[in-house]
Amino acid sequence: MSSGFAAPVAADRSDVELAADGDEVAFGRLVARHQADMTRLAYVITGDRDLAQDATQAAWVAAWLRLRSVRDPARIRSWLLSIAANEARQVLRRRGRVAVVEIDPETTASARNEASTSIARLDLVRALAVLSPDDRTLLALRYVAGLDAAELGAATGRSASGTRARLSRLTARLRQELDR
Amino acid sequence: MTEFDVFERRLAAALTSYASEAEPLPDPFERAQAIASAHPRRSGWRSVARGIPLSRWVWIGVALLLAASVIAYVLIGSRQPRQVVIAVDPANPIPAQLFGLWYPGPRTDGVPTDRAMLDFNASALIQLPGGSPATSLGRAVAFVERGPGNAEVTVQAAGACGEGRYRVALQDPSIPPGLPSPAPLPPGSSSDPATPLGNGDELHVTAVSDECVARLEVLRSAPWLRATQQLRPEAIVSSLQFTEPFHLALPADLPALIGDGVGQLYQPESATRLNVSHAWWNAFFLDDEPVYRDLCDPGAGTLPDIPATVEEATTWLRSTASLGFEEPSPVQIDGRTALRVGKLGDCPNGNIPAVAAGVYGDIFYAIPTGDDVILFVVRPDTQNEADIAAQLARSIVFD
Chain A
0 MSSGFAAPVA ADRSDVELAA DGDEVAFGRL VARHQADMTR LAYVITGDRD LAQDATQAAW
60 VAAWLRLRSV RDPARIRSWL LSIAANEARQ VLRRRGRVAV VEIDPETTAS ARNEASTSIA
120 RLDLVRALAV LSPDDRTLLA LRYVAGLDAA ELGAATGRSA SGTRARLSRL TARLRQELDR
Chain B
0 MTEFDVFERR LAAALTSYAS EAEPLPDPFE RAQAIASAHP RRSGWRSVAR GIPLSRWVWI
60 GVALLLAASV IAYVLIGSRQ PRQVVIAVDP ANPIPAQLFG LWYPGPRTDG VPTDRAMLDF
120 NASALIQLPG GSPATSLGRA VAFVERGPGN AEVTVQAAGA CGEGRYRVAL QDPSIPPGLP
180 SPAPLPPGSS SDPATPLGNG DELHVTAVSD ECVARLEVLR SAPWLRATQQ LRPEAIVSSL
240 QFTEPFHLAL PADLPALIGD GVGQLYQPES ATRLNVSHAW WNAFFLDDEP VYRDLCDPGA
300 GTLPDIPATV EEATTWLRST ASLGFEEPSP VQIDGRTALR VGKLGDCPNG NIPAVAAGVY
360 GDIFYAIPTG DDVILFVVRP DTQNEADIAA QLARSIVFD
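Protein chains in written order, with numbering that gives the first Met the number 0: chain A, 0 to 179; chain B, 0 to 398.
Simulated from the structure, these hints should not be mistaken for lab results. Note that the structure is a prediction, hence the values are computed from the model and not measured. Hints are supplied without guarantee of correctness; some may be wrong.
What the hints assert, rightly or not - Here are a few chain B residues that face chain A, going by a calculated C-beta distance under 7 Å:
hint : residue
1    : P25
2    : A33
3    : I34
4    : V212
Unchecked claim - Here are the simulated distance ranges between beta carbons:
hint : chain 1 : residue 1 : chain 2 : residue 2 : range
5    : B       : V5        : A       : G161      : 44 to 54 Å
6    : B       : R166      : A       : L121      : 50 to 60 Å
7    : B       : S276      : A       : A164      : 39 to 49 Å
8    : A       : R125      : B       : E311      : 27 to 37 Å
9    : B       : D252      : A       : R125      : 33 to 43 Å
10   : A       : R93       : B       : L215      : 50 to 60 Å
No residue lacks a Cβ here, since even glycine has one placed at the ideal position from N, Cα and C.
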């Protein structure tokens with residue numbers, strides 16, 4: 000399946016090692032390579048562009064501080080995405096907002112006319128708005144970032160089978176709401 | 000986990016589309032440096048750092064940034080305004096040949112959005128994917144000739160990246176490697192290189208000296224290609240960096256002259272010109288440029304700009320009485336009334352009618368923009384090409 004996210008880059012491995020040793024330029028390359036993915040993920044979770052940027056910024060600070068703890072540099076992408084997801088949920092908690100997904104009338108109107116997306120944006124936004132941040136996180140990590148069950152489990156702190164079961168329930172619910 | 004079923008594919012497509020509304024952070028390199036500077040790595044901190052929760056680190060980071068700002072303001076800001084503006088060396092301006100956006104090959108249609116681009120005249124040489132400027136990687140500040148086929152651009156950054164020097168050369172991709180480029184055009188022509196940069200739309204950049212690894216990594220992509228957009232039926236193409244931004248919403252019945260299009264749109268030299276380029280015919284959009292008083296005699300002086308109303312513009316065009324012109328005819332363009340005039344005769348001195356250096360034409364559209372006029376100058380060889388030009392003009396939608 001093709002997602003809007005960049006494919007993992009082989010150069011990540013050496014950049015993670017360099018950045019972990021304090022190389023700011025290597026860290027910059029990691030930011031350049033992954034920040035768009037992280038912002039999009041945070042946007043699906045928060046539903047707000049500013050909050051998504053706040054979360055991404057906090058995630059990069061956290062990543063810089065914890066880079067030495069990365070055990071497998073080849074899996075840096077899912078590691079960064081899980082940090083971004085955590086920060087997005089924390090941003091929501093700090094703001095005391097459970098469902099911040101906002102409906103923008105302009106983009107809604109244009110999206111209605113989009114023939115390419117068979118699930119209308121308005122329906123999607125409404126469905127996201129009633130989901131918990133944890134469920135939005137799961138959806139974004141699976142269907143936007145394309146993580147597999149093992150990566151999802153690692154990112155959300157659950158077992159792979161537990162994650163699979165939760166995702167299955169979630170998609171069944173959305174299928175009922177959106178697949179009409 | 001099994002493959003996606005039909006509903007999951009639709010869900011993934013809708014979520015991905017929705018996610019793309021997020022705006023990436025500007026200038027990741029600058030951001031990375033700011034984070035790294037606010038959180039310097041010290042081995043003695045490691046054991047302490049591990050015991051501090053992540054959320055507290057975030058607040059510590061914010062506090063450090065604030066403290067750094069206050070200290071910087073007290074030490075520097077109170078004495079003089081904080082400036083990171085780098086002065087461009089007026090003796091070595093960036094040549095017009097390097098104007099516009101350049102993106103790394105291979106050649107593709109339109110301007111890609113997922114790759115870094117170069118802009119030698121912008122406040123940041125490197126535009127990151129998505130269009131945000133990488134100001135921390137510097138801007139082009141000077142251009143120096145070093146001999147035949149050898150020119151250097153100096154790139155300077157205010158921060159850690161510092162200064163780098165790069166050799167640049169322009170090649171014509173239609174000429175096989177090993178063959179010499181065409182001789183430079185005579186001085187005074189619009190495409191006169193006037194420098195040993197070369198000709199063509201393929202830019203080769205090699206490092207002479209640069210310690211900035213991030214900048215080197217981007218610039219070593221080669222060759223860089225001039226941003227062009229194919230004019231094809233139903234395509235929507237932007238006016239790139241033209242002074243009056245618009246896009247062309249091309250009709251479905253646009254005939255194909257070459258491949259599946261009628262040529263390409265690119266910006267060869269400045270923000271005031273936009274070129275429709277094709278092997279057999281060409282056209283220019285022109286704005287805010289001095290124009291010849293007499294279309295047949297460039298030596299007869301210039302007007303400082305295209306006249307500001309469509310009526311004045313057509314009066315000026317038709318004042319070259321020796322050419323003879325049709326009566327102006329109205330053309331509706333994006334809800335505005337433009338005027339079209341075509342020449343009837345030829346210049347008695349044998350010249351090709353020209354409105355400005357290098358901008359030759361037989362048919363002229365004066366198009367109102369609101370408070371100004373842009374000129375669409377067409378030089379077709381056949382009626383078919385004139386009809387295509389008319390379709391292009393009618394497809395303009397101002398941004």
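Each hint tested on the structure:
The interface hint given for P25/B is broken, as the beta carbon of that residue sits about 9 Å from the closest beta carbon of chain A, more than 7 Å. Interface hint at A33/B: violated, since its Cβ lies 10 Å from the closest Cβ of chain A, which is beyond the 7 Å cut-off. For the restraint placing I34/B at the interface with chain A, the shortest Cβ-Cβ distance is roughly 5 Å, inside the 7 Å limit, so the hint holds. Because the beta carbon of V212/B sits about 5 Å from the nearest beta carbon in chain A, less than 7 Å, this interface hint is met.
Hint check: V5/B to G161/A, Cβ distance near 26 Å, so the stated range 44 to 54 Å is violated. About 54 Å separates the C-beta atoms of R166/B and L121/A, a value consistent with the hinted range of 50 to 60 Å. About 59 Å separates the C-beta atoms of S276/B and A164/A, a value inconsistent with the hinted range of 39 to 49 Å. Distance hint check for R125/A and E311/B: the Cβ-Cβ separation is about 55 Å, which falls outside the suggested range of 27 to 37 Å.
In this structure the supplied range 33 to 43 Å holds for D252/B paired with R125/A, their Cβ-Cβ distance being about 40 Å. At about 40 Å, the beta-carbon gap between R93/A and L215/B misses the expected band of 50 to 60 Å.
Hints 1, 2, 5, 7, 8, 10, counting from the list given before, are not met by this structure.
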